[in-house]
Amino acid sequence: MSDQPAVPDKASLRASDADRERVAETLREAAGDGRLSMEELDERLEAVYAAKTYAELEPITRDLPTPGIPNMPAPAVPPGGDPARFGGVPTSHTAIAIMGGFSRKGDWVVPKQFTAVAIMGGGEIDLREARFAEPVVTINAVALMGGIEITVPEDATVRVNGVGLMGGFDHRSSGTGAPGGPTIVINGAAIMGGVDVRRRPPRKSKRDAELDPRRDYRQERLEARRERLDARREYRHERLEARRDYIRDRRDSRYPDETD
Numbered sequence: 002m003s004d005q006p007a008v009p010d011k012a013s014l015r016a017s018d019a020d021r022e023r024v025a026e027t028l029r030e031a032a033g034d035g036r037l038s039m040e041e042l043d044e045r046l047e048a049v050y051a052a053k054t055y056a057e058l059e060p061i062t063r064d065l066p067t068p069g070i071p072n073m074p075a076p077a078v079p080p081g082g083d084p085a086r087f088g089g090v091p092t093s094h095t096a097i098a099i100m101g102g103f104s105r106k107g108d109w110v111v112p113k114q115f116t117a118v119a120i121m122g123g124g125e126i127d128l129r130e131a132r133f134a135e136p137v138v139t140i141n142a143v144a145l146m147g148g149i150e151i152t153v154p155e156d157a158t159v160r161v162n163g164v165g166l167m168g169g170f171d172h173r174s175s176g177t178g179a180p181g182g183p184t185i186v187i188n189g190a191a192i193m194g195g196v197d198v199r200r201r202p203p204r205k206s207k208r209d210a211e212l213d214p215r216r217d218y219r220q221e222r223l224e225a226r227r228e229r230l231d232a233r234r235e236y237r238h239e240r241l242e243a244r245r246d247y248i249r250d251r252r253d254s255r256y257p258d259e260t261d
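For the sequence shown, our numbering gives the first residue as 2, with consecutive numbering after it.
Since the hints were derived computationally from the structure, they do not count as laboratory data. Idealized CB from N, CA, C, for every residue including glycine. It is possible that part of the hints are untrue.
[Claimed, not checked] Have a look at the derived ranges for each label pair, beta carbon to beta carbon:
#, residue 1, residue 2, range
1, E40, S17, 22 to 30 angstroms
2, G102, E30, 24 to 32 angstroms
3, G35, M193, 34 to 42 angstroms
4, D64, I120, 50 to 58 angstroms
5, V110, E40, 22 to 30 angstroms
6, A85, R233, 31 to 39 angstroms
7, R15, R129, 41 to 49 angstroms
My request is simple: use the sequences and hints to build the entire structure.
Structure below.
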């Protein structure tokens with residue numbers, strides 16, 4: 002009975018170009034998430050393209066999560082918070098406006114670290130309808146001869162640490178929010194520009210915005226109807242009073258009081 006050929010260890014198998022490219026893509030995503038610095042990314046990419054076997058590729062991403070697989074623990078939800086409001090894959094990590102503008106608003110996922118830069122331009126960051134990847138998020142805002150407006154939910158705990166240099170960095174919205182709300186830390190600088198931070202109530206949905214004029218119109222019609230009914234009642238009351246006076250006067254004229 003002849004011996005079966007030994008099955009080669011997978012780690013010793015030669016890696017293909019597709020294998021190396023998959024590992025490189027994992028590194029690029031990790032750098033985009035802030036897990037690797039640009040120097041670390043360059044070093045690891047060099048190691049990837051120099052690797053010949055799976056054994057050489059595996060250590061390069063050992064300390065990184067696999068893209069698309071939620072192998073990291075889910076972020077904690079603040080006590081009393083809405084689970085649907087926290088978690089999810091960040092929509093974007095940066096926003097840059099150079100002699101132009103940017104906008105982040107509506108239903109989007111705020112990352113743990115978000116950077117916004119406006120150079121001779123303007124930007125809008127609206128967090129009222131957003132989800133938060135973490136209970137605590139940090140926004141780094143830099144406005145150079147430009148402006149950035151940040152709108153935070155009413156229930157958020159806000160800590161503004163930015164500074165103004167020949168410009169203005171609004172600190173008036175700093176303060177503690179309601180239990181279950183996110184914590185938003187805003188850092189950065191306004192250089193010959195401005196960073197405005199405001200608390201505002203939730204935006205009305207399109208349906209609510211359409212219904213409000215209808216409600217107002219119906220309310221106005223009801224009020225007008227009430228006024229007409231009140232006027233009719235008053236008119237009838239006046240006519241009844243006038244008729245009573247007329248009947249009383251006629252009776253008095255027919256049967257005047259006789260006094261001796």
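Now for the hints, and whether the structure bears them out:
At roughly 27 angstroms, the beta-carbon separation of E40 and S17 lies within the given 22 to 30 angstroms, and the hint holds. Look at G102 against E30: about 27 angstroms separates their beta carbons, and that is inside 24 to 32 angstroms. In this structure, G35 and M193 break the distance hint of 34 to 42 angstroms, their C-beta atoms being roughly 29 angstroms apart. Range check, D64 to I120: about 35 angstroms between beta-carbon atoms, so the 50 to 58 angstroms window is missed.
The given range of 22 to 30 angstroms is respected by V110 and E40, whose C-beta atoms sit roughly 28 angstroms from each other. Under the hint 31 to 39 angstroms, the C-beta atoms of A85 and R233, about 53 angstroms apart, miss the expected range. Between R15 and R129 the C-beta distance comes to about 53 angstroms, which lies outside the given range of 41 to 49 angstroms.
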